[in-house]
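> Chain residues, written in single-letter form:
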Amino acid sequence: MNIGTRKILDRSFTALGIGSIVVMAIALLIVLVPIITNGIGAVFFTGTVEHRKMLINEFKRGDTDKLAEEIASSDRYRSTVYKMLTGFEAELDRMPPEKKAEYKEKYSQVKPALQALLGPLPGDPEPMLTRFKYGQTRWEKAEEKLHDFLYESKWDNSNPNVMSKEYFVSRALGFEGTTLAQLFPYVKENIDHMLLPEFTVYWGFITDSSVDSHFFGGIWPEIQGTFFLAVGAMLFAFPLGVIAAVYFTEYAKPGFFNSMLRSANSTLAGVPSIVFGMFGLAFFINTLKVSESKSVIAGALTLAIMILPTIIRAAEEAILAVPKTYREASLSLGSTKWNTIATVILPAALPGILTGGVISLGRAAGETAPIIFTAAVSVGSAIGLADVFSSPTPALSWNIYNLASEHEAASQIRHVQYGMVLALVSIVLLLNLSAIVLRARISKKLKG
Amino acid sequence: MLMTADAREISQRAPAQKATRDMYIPPARKKISGGGTAHISAKEFSVYYDEFEAVKKVTADILSKYVTAIIGPSGCGKSTFLRAINRMNDLIPSCHTTGALLFDGNDIYGKFTDEVLLRKKVGMVFQKPNPFPKSIFDNIAYGPRLHGVNDKKKLMEIVERSLRKAAIWDEVCDRLDKNALGLSGGQQQRLCVARTLAVEPEVLLLDEPTSALDPKATAKIEDLIQELRGSYTIMIVTHNMQQASRVSDSTMFFYEGVLVEHASTAQLFTNPKDPITEDYITGRFS
Amino acid sequence: MADDSVGGNNRTNAFVISARKRAIQKVSKTMGEGMLLAVASFVAIVVLFIFYFVARDAVPFFQLRGFSEFFTSSNWYPADQPGQFGALAIIYGSLMVTLGSAMIAVPMGVAAAICLSDILPFSIRQYAKPVIEMLAAIPSVAFGFFALVVLAPLLQNNGGPMLMWAWWILVSPFLVLGVLVVSDLLTNSIKDPQRRRQLYAFLLTVLGLIAVFLLYKVGTLLYGIQILTGTNALNVSIILSFMALPTIVSVSEDALQAVGRDIREGSYALGATRAETIIKTILPAASSGILAAVILGIMRALGETMVVWMASGNSSHSPEPWFNYLEAIRTLTATIAGDMGEADQVTGSARYHVLFAMGLLLLVISFISNLVSERIVVRQRKILSGQ
Ligand SMILES: Nc1ncnc2c1ncn2[C@@H]1O[C@H](COP(=O)(O)OP(=O)(O)O)[C@@H](O)[C@H]1O
Ligand SMILES: [Mg+2]
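Protein chains in written order, with my numbering: chain A, 1 to 448; chain B, 449 to 734; chain C, 735 to 1121.
No lab work stands behind these hints: they were computed from the structure. From a predicted model like this one, the values you see are computed outputs, not experimental measurements. Please note that a few of the clues may not be correct.
[What the hints assert, rightly or not] Result set (DSBU-like, lysine-lysine): computed pairs, CA atoms no more than 30 Å apart in a straight line:
1. A:K7 / C:K925
2. A:K444 / B:K626
3. A:K337 / B:K613
4. C:K863 / A:K7
5. A:K324 / B:K668
6. C:K755 / B:K491
7. C:K760 / B:K569
8. A:K253 / B:K504
9. A:K337 / B:K559
10. C:K760 / B:K491
11. B:K559 / C:K763
12. B:K626 / A:K324
13. C:K763 / A:K337
14. C:K763 / A:K253
15. C:K763 / A:K324
16. A:K337 / B:K569
17. A:K444 / C:K863
18. A:K324 / C:K760
19. A:K253 / C:K755
20. A:K337 / B:K576
21. A:K324 / C:K863
22. B:K504 / A:K324
23. A:K337 / B:K600
24. A:K444 / B:K582
25. A:K337 / B:K491
26. C:K760 / A:K337
27. C:K755 / B:K569
28. A:K337 / B:K601
29. B:K626 / A:K337
30. B:K582 / C:K763
31. C:K760 / B:K559
32. C:K951 / A:K165
33. A:K7 / C:K1014
34. A:K253 / C:K1116
35. B:K559 / C:K755
36. B:K559 / A:K253
37. A:K324 / B:K559
38. A:K253 / B:K576
Excised from the complex, chain A in its bound form (with noise of 0.2 Å):
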């Protein structure tokens, strides 16, 4: 080969590297930047007058007097509606039958859609679900609920070559001729007086327990319930990874039961994380009865179990990074050896070992595999901490993947959904970026 195509070769090779490195970072972005701009959405956004009634009813917060004087204004413009509503209905008895019989099914239609958009209507009876008490709470809901009303989805399915293509016909054109053929313009017109958005800060979101299994409401319970597992995990990983690290890097002697030790934890390391679920179900909820069903208590030993060659790991290398004449200088001076461990030793290492501790709670606090069979549950409020040991919880991750994929609704609550994913990622990312900090610090320190 000439040694121009070498140097190519060589150039590509290198280019080759830096663009795995930079699809990584891409692909980092390409995760997160929705999550961000999607779960900001879900405290952040154009609230209209349902949602500050929805919070008045429902968490007895807010302005009431501002908000009677809201739903005033917006009534103003809704009884036309309404009018308009009850004129045809009076329209439609007056008309022959097969007309009537037209007319009916398609005005059927209109009212869910109006009823979604602006919540009850007068006369309508009580809902029994929270969810239809309300018309729609964001501003961005309500605009796509607005096109459903003015327009009807139809698919196209006359070729059978071609999957089937969705379009959409006025709903005004089928009223033509009708006194309801006003109401869709006046609807379209009018929404904003109806519905009064407003930019809205909702911290409550994170603060606040859900309504109607997360129609309404925040994610507290879950936030509370990763707490707890995570912690959980952590009161049991902690003390004793690190006892386990101490006796790994200070008294054992090698040979075959130690190497044995080390490859059980790396076995440990490896077990893939539903088997952790598993053995959770099979061992601490069926065999030890820790709980009588699924528990936190259940959930943080099994993640304690996950988490415990991390922390082992970090320990140990925190544990060998210290330099042995400090231990030198300690025995020297008359220090017994264990003396020597806990005064000079584990203090020294203490911010790699809290590294790997922060890490490991990240981790503990992010998976969900371990938890399903053990401690998670989909619905439920925040649970008090005397209830650890008997009660389930809601949890980030759990509930992640319960809203996403079980949930009835999963389409109609995304926001919620990226805003717990929000939530969870910079609860684990903030932790990773605090060891990250940390560790600088140290090798800082270290060099002097």
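Guided by the hints, dock chains B and C with the ligands onto chain A, whose structure is given.
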């Protein structure tokens, strides 16, 4: 080689025999009252790393309150011998000993020896200054605290006394709560001496305490050793023969694990008995 | 011998202690170490327990149903009466996404590791490492959510164009390089520089045209593909590969770092370019360590639950044809996660135990691969340290 208290006269300045030795001529030294008994004695004492005999059948007496220097080419077993005295070699699993090493007549490697208590009596300062990453105060107070002194006032007394003895008090008295790693190398080393003195040892082992320091800091450490002479039994390993001649009363010369010669410093430097010693101190090999 | 006077004078015998004290010291030391050992052994006990408890609930399945159905049939109807428990398609699904993610993650991961250990200057490496660490830290359920809510609709609606662009961006650089290298190699034997240059130019144009044609043709072919469901093996493989990457990168990087400086310098001294040095000397020296990295990375993909559960489509049929990554599949982990909720009610039935059989299968695979990778790493360390 084995010196008794009477046989060992503290040397007077002897006339130089060869020009090359001029610089090693040791200064005249005062006799120390209450010193001169055999504080540490080795009898056929060997140290092994696995099969390798790093210190070979050494027999010697280290005299109390005097300064003994250990010299020899690197790898000859100086550190190994020194570390054997306060059992720092216990840290190395492959290390074991034969023969006897007595401290005030008690076997250091005896069955009933508590190495922790031993190390309290035999302090050590290492080649590289190794203060803990704690405050200066906590560094000095570390030892006393270990041995049960917790009273703040008493600790302060000990800290001040130790720092004064180590001739560093004036430099650090206004920043006792600052991290010890912020001190200069020479200060750190004197801090380490002070830390060792704080547990009130009888013996002070110094393993090349100045090899990581600049000449000015080295001079300060040497002055310090002079100050401490007479209060502690001091053993110092050094590569630097001027240093050995400046600070020590007697000198041991090791070669490949064997104690070749042990005599008063004046005698060893001016009139070595063994040709290898002579070769070494005249710098004919290194 | 009296308790308090074991030889020596009283003034300095403080370090000589009585036999009783010595015995107490010994006992307490042994006890302390024993306690530490007990804690350290905890991990080993947990591992044994995991094996025992998973196997305990897996064995009844094989007692009830034998081995052959589980491993050879693809009929998975656990809820039927009587149930059918053929897990072949599910095992195959696991295999498929594992292989798929490995195909993406291994070349990328090794290239990135090389880059980190041998190419990038320290200043840039400082920023690359946190990226990898963050990628490793993102919870799997967040990846799963992304796969389900962002990537799946994208694939479903714009699958064809996306595949085409991926093909162009990924393959064109390699085709260009291939054309250059092949033309160079083919003209290498010609002595006359004039003729050689002519032939080189000729080959370059011909091969270049072929390459462009290939790019275009396959591109349009891919453009026409309609992806029926966005939750499929491709989606999962892509996401899993990014989850496996951090492991592969960091373990491979360790292996590469372990190769000594002298080996590198020897190669450069012989006039090799950096790429040649890396490919011909460093990679072979680090190969076993990289193999271990690959095994560990693959295990991460095989054992991952949430992403596959959310975004694989959970169809228990094998795709048609067998290499069709655009169809929904189902994996062992997702089956365990998804079916345990229902099977838990009927503890003791084959339906419950079959899930533990799957867990045992995963456990055994991960155990073996861990042992293998550990052996490999130990061996490499020994070879490199020259023992
Ligand atoms: N931890 C050890 N394991 C094995 N051999 C050692 C160890 N430490 C020192 N040695 C060997 O013992 C001999 C004496 O070492 P040392 O006492 O450190 O020499 P010096 O301090 O005189 O330079 C050397 O040959 C050295 O290689
Ligand atoms: Mg030495």
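> Determine for every hint whether it applies to the structure shown.
Status of the hints after comparison with the structure:
Between K7 (chain A) and K925 (chain C) the alpha-carbon distance is near 21 Å, which keeps this suggested pair within the 30 Å criterion. Annotation: proposed proximity of K444 (chain A) to K626 (chain B) holds, straight-line Cα distance about 17 Å (limit 30 Å). Proposed proximity of K337 (chain A) and K613 (chain B) is supported: the alpha carbons are some 28 Å apart, at most 30 Å. Note on K863 (chain C) and K7 (chain A): the hinted pairing holds, with a Cα-Cα distance of about 28 Å set against a maximum of 30 Å.
For the given pair, K324 (chain A) sits about 26 Å from K668 (chain B) by alpha-carbon distance, which is consistent with the 30 Å threshold. Under the criterion of a C-alpha separation no larger than 30 Å, the hint pairing K755 (chain C) with K491 (chain B) is consistent with the structure, at around 27 Å. Our distance criterion of 30 Å between C-alpha atoms is met by K760 (chain C) and K569 (chain B), whose separation comes to about 22 Å. This hinted pair checks out: K253 (chain A) and K504 (chain B) have alpha carbons roughly 28 Å apart, not beyond 30 Å.
Among the hinted pairs, K337 (chain A) with K559 (chain B) is consistent with the structure: their alpha-carbon atoms are about 19 Å apart, no more than 30 Å. In summary, the hint linking K760 (chain C) to K491 (chain B) is supported, as the alpha carbons are separated by about 28 Å, within the 30 Å threshold. For the proposed pair K559 (chain B) and K763 (chain C), the alpha carbon gap of about 16 Å is at most 30 Å, so the pair holds. A C-alpha spacing of about 23 Å is found between K626 (chain B) and K324 (chain A), which places the hinted pair at or below 30 Å, so the restraint holds.
The hinted pair formed by K763 (chain C) and K337 (chain A) meets the criterion: a straight-line CA distance of about 10 Å does not exceed 30 Å. With a CA separation close to 15 Å, the supplied pair K763 (chain C) and K253 (chain A) stays within the 30 Å bound. For the given pair, K763 (chain C) sits about 22 Å from K324 (chain A) by alpha-carbon distance, which is consistent with the 30 Å threshold. Restraint check for K337 (chain A) and K569 (chain B): satisfied, since their Cα atoms lie roughly 17 Å apart, inside the 30 Å limit.
Annotation: proposed proximity of K444 (chain A) to K863 (chain C) holds, straight-line Cα distance about 17 Å (limit 30 Å). A distance of roughly 25 Å separates the Cα atoms of K324 (chain A) and K760 (chain C); the hinted pair therefore holds under the 30 Å criterion. For the suggested pair K253 (chain A) and K755 (chain C), the alpha carbons sit about 26 Å apart, so the restraint of at most 30 Å is met. For the suggested pair K337 (chain A) and K576 (chain B), the alpha carbons sit about 21 Å apart, so the restraint of at most 30 Å is met.
Among the hinted pairs, K324 (chain A) with K863 (chain C) is consistent with the structure: their alpha-carbon atoms are about 28 Å apart, no more than 30 Å. Among the hinted pairs, K504 (chain B) with K324 (chain A) is consistent with the structure: their alpha-carbon atoms are about 27 Å apart, no more than 30 Å. Taking the CA atoms of K337 (chain A) and K600 (chain B), the gap is about 25 Å. The hint holds against a cut of 30 Å. The suggested pairing of K444 (chain A) with K582 (chain B) holds, with an alpha-carbon distance near 16 Å, which does not exceed 30 Å.
Under the criterion of a C-alpha separation no larger than 30 Å, the hint pairing K337 (chain A) with K491 (chain B) is consistent with the structure, at around 29 Å. The straight-line distance between the Cα atoms of K760 (chain C) and K337 (chain A) is roughly 13 Å, inside the 30 Å bound, and the hint therefore holds. The suggested pairing of K755 (chain C) with K569 (chain B) holds, with an alpha-carbon distance near 19 Å, which does not exceed 30 Å. For the hint linking K337 (chain A) to K601 (chain B), the alpha-carbon distance of about 28 Å falls within 30 Å, and the restraint holds.
Distance hint between K626 (chain B) and K337 (chain A) is fulfilled; the C-alpha atoms sit about 27 Å from each other, no more than 30 Å. With a C-alpha separation of about 28 Å, the suggested pair K582 (chain B) and K763 (chain C) falls inside the 30 Å cut-off, and the hint holds. Distance check on the hinted pair: K760 (chain C) and K559 (chain B) sit about 12 Å apart at the alpha-carbon level, within 30 Å; holds. Distance restraint check for K951 (chain C) and K165 (chain A): the Cα-Cα separation of roughly 27 Å lies within the 30 Å cut-off, and the hinted pair is therefore satisfied.
Distance restraint check for K7 (chain A) and K1014 (chain C): the Cα-Cα separation of roughly 16 Å lies within the 30 Å cut-off, and the hinted pair is therefore satisfied. In summary, the hint linking K253 (chain A) to K1116 (chain C) is supported, as the alpha carbons are separated by about 19 Å, within the 30 Å threshold. Taking the CA atoms of K559 (chain B) and K755 (chain C), the gap is near 12 Å; set against the 30 Å cutoff, the hint holds. For the hint linking K559 (chain B) to K253 (chain A), the alpha-carbon distance of about 22 Å falls within 30 Å, and the restraint holds.
Between the alpha carbons of K324 (chain A) and K559 (chain B) the distance comes to roughly 27 Å, so the proposed pair stays at or under 30 Å and holds. Proximity of K253 (chain A) to K576 (chain B) is assessed by CA-CA distance (about 28 Å); at most 30 Å being required, the pair is judged to hold.
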